[in-house]
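**Q** I would like the entire structure built from these sequences, with the hints used as guidance.
4 protein chains.
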Amino acid sequence: MAIEAGNGTGGYRRIRLGMVGGGQGAFIGAIHRIAARIDDQFELVAGALASDPDRAKASAKDLGIADDRAYGSFEEMARAEAARADGIEAVSIVTPNHMHGPVAKAFLEAGVHVICDKPLTSTVAEAGTGGAGQEDRQDLRRTHNYTGYPMVRQARAMVANGDLGEIRLVKVEYLQDWLTERVEATGQKQAAWRTDPSRSGVGGCIGDIGTHAYNLACFVTGLELDELLAQLSTFVEGRRLDDDVQILLKWKGGARGMLWASQVAVGNENGLTLRVYGSKGGLEWAQENPNQLWFTPYGRPRQLLTRGGAGASREASRVTRIPSGHPEGYLEGFATIYAEAARAIRAATAGEKPHPDVVFPTVEDGLAGVKLIDAAVKSSAANGVWVRMT
Amino acid sequence: MAIEAGNGTGGYRRIRLGMVGGGQGAFIGAIHRIAARIDDQFELVAGALASDPDRAKASAKDLGIADDRAYGSFEEMARAEAARADGIEAVSIVTPNHMHGPVAKAFLEAGVHVICDKPLTSTVAEAGTGGAGQEDRQDLRRTHNYTGYPMVRQARAMVANGDLGEIRLVKVEYLQDWLTERVEATGQKQAAWRTDPSRSGVGGCIGDIGTHAYNLACFVTGLELDELLAQLSTFVEGRRLDDDVQILLKWKGGARGMLWASQVAVGNENGLTLRVYGSKGGLEWAQENPNQLWFTPYGRPRQLLTRGGAGASREASRVTRIPSGHPEGYLEGFATIYAEAARAIRAATAGEKPHPDVVFPTVEDGLAGVKLIDAAVKSSAANGVWVRMT
Amino acid sequence: MAIEAGNGTGGYRRIRLGMVGGGQGAFIGAIHRIAARIDDQFELVAGALASDPDRAKASAKDLGIADDRAYGSFEEMARAEAARADGIEAVSIVTPNHMHGPVAKAFLEAGVHVICDKPLTSTVAEAGTGGAGQEDRQDLRRTHNYTGYPMVRQARAMVANGDLGEIRLVKVEYLQDWLTERVEATGQKQAAWRTDPSRSGVGGCIGDIGTHAYNLACFVTGLELDELLAQLSTFVEGRRLDDDVQILLKWKGGARGMLWASQVAVGNENGLTLRVYGSKGGLEWAQENPNQLWFTPYGRPRQLLTRGGAGASREASRVTRIPSGHPEGYLEGFATIYAEAARAIRAATAGEKPHPDVVFPTVEDGLAGVKLIDAAVKSSAANGVWVRMT
Amino acid sequence: MAIEAGNGTGGYRRIRLGMVGGGQGAFIGAIHRIAARIDDQFELVAGALASDPDRAKASAKDLGIADDRAYGSFEEMARAEAARADGIEAVSIVTPNHMHGPVAKAFLEAGVHVICDKPLTSTVAEAGTGGAGQEDRQDLRRTHNYTGYPMVRQARAMVANGDLGEIRLVKVEYLQDWLTERVEATGQKQAAWRTDPSRSGVGGCIGDIGTHAYNLACFVTGLELDELLAQLSTFVEGRRLDDDVQILLKWKGGARGMLWASQVAVGNENGLTLRVYGSKGGLEWAQENPNQLWFTPYGRPRQLLTRGGAGASREASRVTRIPSGHPEGYLEGFATIYAEAARAIRAATAGEKPHPDVVFPTVEDGLAGVKLIDAAVKSSAANGVWVRMT
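Chains as they are written, first to last, in the numbering used here: chain R, 35 to 424; chain Z, 35 to 424; chain L, 35 to 424; chain X, 35 to 424.
Among the hints, erroneous ones may be present.
As the list claims (entries may be wrong) - In silico DSSO-like pairs for lysine-lysine, Cα to Cα no more than 30 Å straight-line:
#1 LYS412/L to LYS286/X
#2 LYS387/X to LYS139/X
#3 LYS405/R to LYS152/Z
#4 LYS286/X to LYS95/R
Because the hints were derived from the structure by calculation, they are not lab data. Computed from a prediction, not measured in an experiment: that's the story for all the values here.
**A** Shown next, in the form of structure tokens:
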């Protein structure tokens, strides 16, 4: 039931990893590092961890990175690592959104595989080129990490297998409450950059969590969005970006649905939920209890499927580490993104394609997210009109 | 903790009740009768229970109604009962939707109080006049029964009390799955009339359950809807009315929200849920577990309030019959509508106003439901445009 | 899906019912009255509702009982009603425990069917004779009301059908918290008599709710208890009876289990739960959410069965009033006990046996409860030894 | 909110770790390795991973361990590593139970810190000496890993803080179903050794999971057990050890309770739950949803506390890695045991005491588990008598 025999390297040499961003006080960098460690496929050996050089050095020391590989800038790091025989093979980009594009470009040009926190860039144009030539795009792994949960994999497999029949309704929600008050004005660092257009782009809630919700819906259903109609709101006075997003969805093939993302839904911590209903059955999944998946075949009793339990599919089992009833969580789901990236990187190094079971978010997913943001902003600015996702 | 001392008549004479519709094989009539019995304020003594005279007689016999008060038509019943010294004081109308208007008119003209299943009529015009003069309108009690649940009463009181601060988001869902397949073609009686425009009017799912959802949202929040934008769908081939409804809501005062009603959401039985979020706190309630109410004050732990338990408000307690932990259900919520109607009828008979605590759905609520249907149908027909609720 | 066509009398004359106990301020009497009304098989026409004559009269007036049938004592009522042509056919006994025996005896001797709140009497001897001759025993219906819940009926049917294989484990809990503090010293009437040995007998928590738990376990599994080992505790200083009971169970045939009842388990309102595990599957049911039943077949996904939903058995459906998703509650479960009693009384009147589907608690169940109390008290007094249930 | 700044080494050199047991096909070894990696405080550099030398070598290769530190026996490993300047500083013992004692003894004598899977040894005598001199005992860290969950830490802190008042009831359950059938006869390796007295000792279910349940109850409540009365059962024919355990508990100071552990409770995956009720409040926690903790203060609404959420205590927050709503799971709880061990090892190396906040299971906990097994087996063998835990 394990990702690799014994959850170790599986006999492989660890992939040499660098990191840009993620220094002291940052949030998502620490997550990426744990995720990279869990399945033991990577070794963190270099970093440009902060824009301030002193903080960059101190952060590297905290992480056990050698002094000579603690860089003051990503440009320097790309150059220096490319020149080393034991230079990094992959880099994790965990900076604020506006830096994703330039950093990715620098490392792709240096021949380094890129694993980049979502979203890719703030404009469709940049994302379209991935900050580099078309041929390099497959080197970019996005960390839409919620797709790493085993029961999300199972849901996707069940839809693909026809267990739900023809999909009719796709309902996705991502509810938080941490921006209920104007915390960005109190010096809260996470809130500050996420509500600042110069660092987050045109979308607030839609960019931060709306794209996660959308990615999850697409990943599970395999559907493509045809048109959307959005209502973006800013409830907190003085805030400069949206903090609530409500979108009507028309999917190609006739399915309908809604996406609701909010950062002011008081009482919700990280309420990402997906419900899919078809002509033969339904599925319901909630990120806060990720080891369960409700399956509701029409005319039969509701079934509670569990990670590792009876009814678990091959797609779920291959990314499962421990037995049923022992909950895996957010970090394990995230680790699966890294483990899948390791498989893809090793296959690429060997000049092969990864095994068909291997699934990870690509630059296409990043691009889709950017298109969602643009379309939603455009629809809402026009007071809610249908916008086609060309 | 009881509705009346000892849950009996409270020393009052029982109100003489008649019923139109609800004969053998009908569903909602039986519900009304149990609801009327639970708090012992009514005595069913007359009925025009079916359009077929033989079935009308047989149905009356089943219910212990005397032969001479088992009528073949509602017109005859209105005339005959008005002429009796011991004639009915109130009538319950539980016919298919298209008959609500004519029957109500007949009994109001006969001086009989009317309790009518929702919706009132199929057109705004009819509803506006209530089938009778303006002065009689308050005689019509609608049975938007979900407002009878104690924790719904509590939610309303908490919003009114400011416990949630300024309301920002109102999300209501009503999900069922009984129309997932084309059961109306198989002779299922309930499905047949509810999907037939000639008996149900222009709205299918929107009229059958969308209006319940809307009424619940309005009842709890006290908000008025300003504009809506709707997407009505018919997923089942051959069906003549909508079976899924998704609506964006703009409330007066700045709150936003969504209403989703579906009869093809596989795995949902009677999934009416309401979530309300304000600047200071949130509330979540689900009809299938009606004795609980989540209260989520910002920055404090989530609280699970229970009917009859710690934190229960006066508004909830006055419509509570039994101690906490002993679940009350759908029938008790419905019974509260009848008990409140009894209080209003007795007050009217005495030429008084009912006690300010007494709350029940009125013709205004019925009118609001009809307006919702009309606006939603209009918006959807125009492919989703904002329609103002004048 | 209904108990009788249309949930009315089904064409029968209503059974004339009297009540002893249940006057103003009492709790369980009001419950019995609502339960008797819900399915419309009874008409309350007489009562000796309180020991104080003035309160008895006032209570009768509240309930709409005619003045001449509002009695000052149960003895007078038994005599007077037996003498009337239209005298009561059945009586509900809802007094404190110590009066159950004498009242039952009086009415059985007067030829009146008896419906008696549990427990029957305080001693095995009295219960053994039922306060009357052996031949009359079947006339006593106990109101172990939790057996009226449809999903409890379904659980029983599934065990009998072998769906669980051979039963190995039976775990029943009944947790409340209303006696966490010494409320009996504050004038709380319910607490006062339930913690007073002169009115409740030798068992406190064991008698009040332990017997309900035991009855539920026996009802569902069909097993007979072989031996028990009990630990009764009194946690609240100054209390004179047990407020917590923990019992090890050995069932005939080899199953094992535990019964835990507590009135000091803070945070529990009316937490009656049953779990049964066999060689092939398991069942879990909780009274506070009574419309659901978990079925866990070995090696297959967990299934959530619902009242009226897919997988509902005939035994559940025949005592179901409304569709799935519309919760029935405690009062409906209680009403089923009355409806079943009505069927049994009508069969007895006709000199017939009731239909084999008809199930209701009898004096045997009452006797079993008394034996449980005696054995538990005896075991605990000996510091926890096995006591055989001869 | 992090264990160490940035969830890296915190500037420390990684502790050199060896492992005994845990080769290919083993379960718990992989868990230990992930747990050791998550917070990056250890580096796995040596191992005697299997009793078969070839499998030992192959297993080491899978894990990226250098060939010359892949040992064929634990004795050889202890000798060789003690002789190296860069020898291991700590060893994880993850063998079947019967080897825990000898292996621990060898490494303690070699001056290596020991982290040992529970239970320590099969006899009280061995455990008492820890396989070594009294003075070394504190070097043994047990991996009663469930105590690593943040909300378990919080529960312990709340009890210690008096939030529950005087503890009255402690109820712990650990329910599984994986031994419902005789899987040990089918070659299932885990089942084979766990049901074999020669490798597991005198206790089956009681030793495997009963000790975990007991440890959790003791850890949270801080109570000491005074007496127990046990009923061990073997439901599956041909099985040689108990597969179900039911124990009555008397705690010092007057609290009462029960422990139920089962491996034949069909439908339960890893159902470890704890309920504690005191004179002022209660707590409920379930391992399968470990990020939540119910707190039920008497007379106030139930509160749902969450890891990282409102109301989280310092004791929970210091072992929390990621924000509320992002579930941490079993592996993170286990990782906390390793992170706490690292802090203790570093303090010991520096000749200091660890910070008072640092909590981890010690040999005393291991000893307590062994005593539980012995007492339970003894009580059950005498058909259920009270046995004092001297």
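**Q** Report the numbers of all earlier hints that the structure fails to satisfy, in ascending order.
**A** Numbers 3, 4 - these are the hints that the structure violates, sorted from lowest upward.
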